[in-house]
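Trainee: Note that this note's numbering has the sequence shown beginning at 6, numbered continuously upward.
Simulated from the structure, these hints should not be mistaken for laboratory data. Virtual Cβ for every residue (Gly too), placed ideally from N, Cα, C. A hint or two may mislead.
Restraint-style ranges between C-beta atoms, simulated for each label pair [stated by the list, open to error]:
(1) H30 with K194: 38 to 46 Å
(2) T101 with M171: 35 to 43 Å
(3) M6 with G223: 34 to 42 Å
(4) A94 with K220: 36 to 44 Å
(5) K7 with Q96: 46 to 54 Å
(6) G223 with N46: 29 to 37 Å
(7) L48 with S182: 18 to 26 Å
Here are the simulated DSS-like cross-link-like pairs (lysine-lysine), alpha carbons at most 30 Å apart as the crow flies [said to hold, decoys possible]:
(8) K194 with K214
(9) K183 with K71
(10) K213 with K194
(11) K194 with K132
(12) K7 with K147
(13) K7 with K220
(14) K220 with K25
(15) K220 with K132
(16) K7 with K25
(17) K71 with K132
(18) K7 with K214
(19) K147 with K220
(20) K7 with K132
(21) K194 with K220
(22) K183 with K132
(23) K214 with K132
(24) K194 with K25
(25) K214 with K25
(26) K147 with K194
(27) K147 with K213
(28) K71 with K7
(29) K132 with K25
(30) K183 with K7
(31) K147 with K214
(32) K220 with K71
(33) K183 with K220
(34) K71 with K147
(35) K214 with K183
(36) K7 with K213
(37) K213 with K25
(38) K71 with K213
(39) K213 with K183
(40) K71 with K25
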Amino acid sequence: MKETVCITGASRGLGYELTKLFYAHHYCVFPLVRSNTSAENLLNEMPNCHPIIADVAEDTCTDILKSALSAHTDVLDILINNAGIPGIAYQITTVTTHETGALFNVHNLGVIRTVQASLSFLERSAKPRIINVSSRLASLTKTASGEFNEGGFSYSYRMAKAAQNMLTLCLDQELRSKGIHVSSVHPGKINTNCASYDANLEPNEAAKKVFDWCKRAGIHNSGSFVEPGTGELPW
């Protein structure tokens, strides 16, 4: 029986490359995208995948995702919470509550929505995994050390990702007893349209690292913050 994976933010970048990799390795893939056009594009390229059209920023996502999974499977082995949006303002005088709220909604409430939708499916898996795609910028230890002082990194993105890491730990502490592995994964410094100044990794290269790690990861990795191919990161 094929393993199943749901990947949010699957229309481009890391999410798209992960979708292609899992599909190529014969997983039953549920890519979550926001538009009909994105779903059609994925079906044209991967006709046996099962695109789900929903927005993790909306409460309706929970019921849509749950219904879509129910139509095709009883089990979900891997949930990859990859959907995200960048922040812009990197000074307190320009950061807005609107921007900050939008990022907290996607990076944190979005994860809550997808986990609530998929939890009963994960509980039926022999090796259930929740992978929250995080960032090195979420590390309080690295931030406190001054490592990112010169980067011009946004307030809202760093705050949202740090909060997402806390959500990962909360989920781990609740779900580990059910055998569900929950981890935060920094995929590397990816070269995208909102890349950091020191980006050095193409999305397909990052996807390969994350994919290989996902295959190996087990309950012993739960509650960790890792960069695949490098090792654990400090919270």
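Trainee: It remains to establish, for every hint, whether it holds in the given structure.
Mentor: Now the hints, each set against the structure:
{"no.": "1", "hint": "H30 with K194: 38 to 46 Å", "in the structure": "25 Å, violated"}
{"no.": "2", "hint": "T101 with M171: 35 to 43 Å", "in the structure": "23 Å, violated"}
{"no.": "3", "hint": "M6 with G223: 34 to 42 Å", "in the structure": "19 Å, violated"}
{"no.": "4", "hint": "A94 with K220: 36 to 44 Å", "in the structure": "38 Å, holds"}
{"no.": "5", "hint": "K7 with Q96: 46 to 54 Å", "in the structure": "48 Å, holds"}
{"no.": "6", "hint": "G223 with N46: 29 to 37 Å", "in the structure": "34 Å, holds"}
{"no.": "7", "hint": "L48 with S182: 18 to 26 Å", "in the structure": "38 Å, violated"}
{"no.": "8", "hint": "K194 with K214", "in the structure": "12 Å, holds"}
{"no.": "9", "hint": "K183 with K71", "in the structure": "20 Å, holds"}
{"no.": "10", "hint": "K213 with K194", "in the structure": "14 Å, holds"}
{"no.": "11", "hint": "K194 with K132", "in the structure": "29 Å, holds"}
{"no.": "12", "hint": "K7 with K147", "in the structure": "39 Å, violated"}
{"no.": "13", "hint": "K7 with K220", "in the structure": "13 Å, holds"}
{"no.": "14", "hint": "K220 with K25", "in the structure": "15 Å, holds"}
{"no.": "15", "hint": "K220 with K132", "in the structure": "10 Å, holds"}
{"no.": "16", "hint": "K7 with K25", "in the structure": "15 Å, holds"}
{"no.": "17", "hint": "K71 with K132", "in the structure": "19 Å, holds"}
{"no.": "18", "hint": "K7 with K214", "in the structure": "21 Å, holds"}
{"no.": "19", "hint": "K147 with K220", "in the structure": "28 Å, holds"}
{"no.": "20", "hint": "K7 with K132", "in the structure": "13 Å, holds"}
{"no.": "21", "hint": "K194 with K220", "in the structure": "21 Å, holds"}
{"no.": "22", "hint": "K183 with K132", "in the structure": "10 Å, holds"}
{"no.": "23", "hint": "K214 with K132", "in the structure": "20 Å, holds"}
{"no.": "24", "hint": "K194 with K25", "in the structure": "20 Å, holds"}
{"no.": "25", "hint": "K214 with K25", "in the structure": "14 Å, holds"}
{"no.": "26", "hint": "K147 with K194", "in the structure": "15 Å, holds"}
{"no.": "27", "hint": "K147 with K213", "in the structure": "25 Å, holds"}
{"no.": "28", "hint": "K71 with K7", "in the structure": "19 Å, holds"}
{"no.": "29", "hint": "K132 with K25", "in the structure": "21 Å, holds"}
{"no.": "30", "hint": "K183 with K7", "in the structure": "22 Å, holds"}
{"no.": "31", "hint": "K147 with K214", "in the structure": "22 Å, holds"}
{"no.": "32", "hint": "K220 with K71", "in the structure": "24 Å, holds"}
{"no.": "33", "hint": "K183 with K220", "in the structure": "19 Å, holds"}
{"no.": "34", "hint": "K71 with K147", "in the structure": "37 Å, violated"}
{"no.": "35", "hint": "K214 with K183", "in the structure": "27 Å, holds"}
{"no.": "36", "hint": "K7 with K213", "in the structure": "20 Å, holds"}
{"no.": "37", "hint": "K213 with K25", "in the structure": "10 Å, holds"}
{"no.": "38", "hint": "K71 with K213", "in the structure": "28 Å, holds"}
{"no.": "39", "hint": "K213 with K183", "in the structure": "28 Å, holds"}
{"no.": "40", "hint": "K71 with K25", "in the structure": "22 Å, holds"}
Violated hints for the displayed structure, listed by number in ascending order: 1, 2, 3, 7, 12 and 34.
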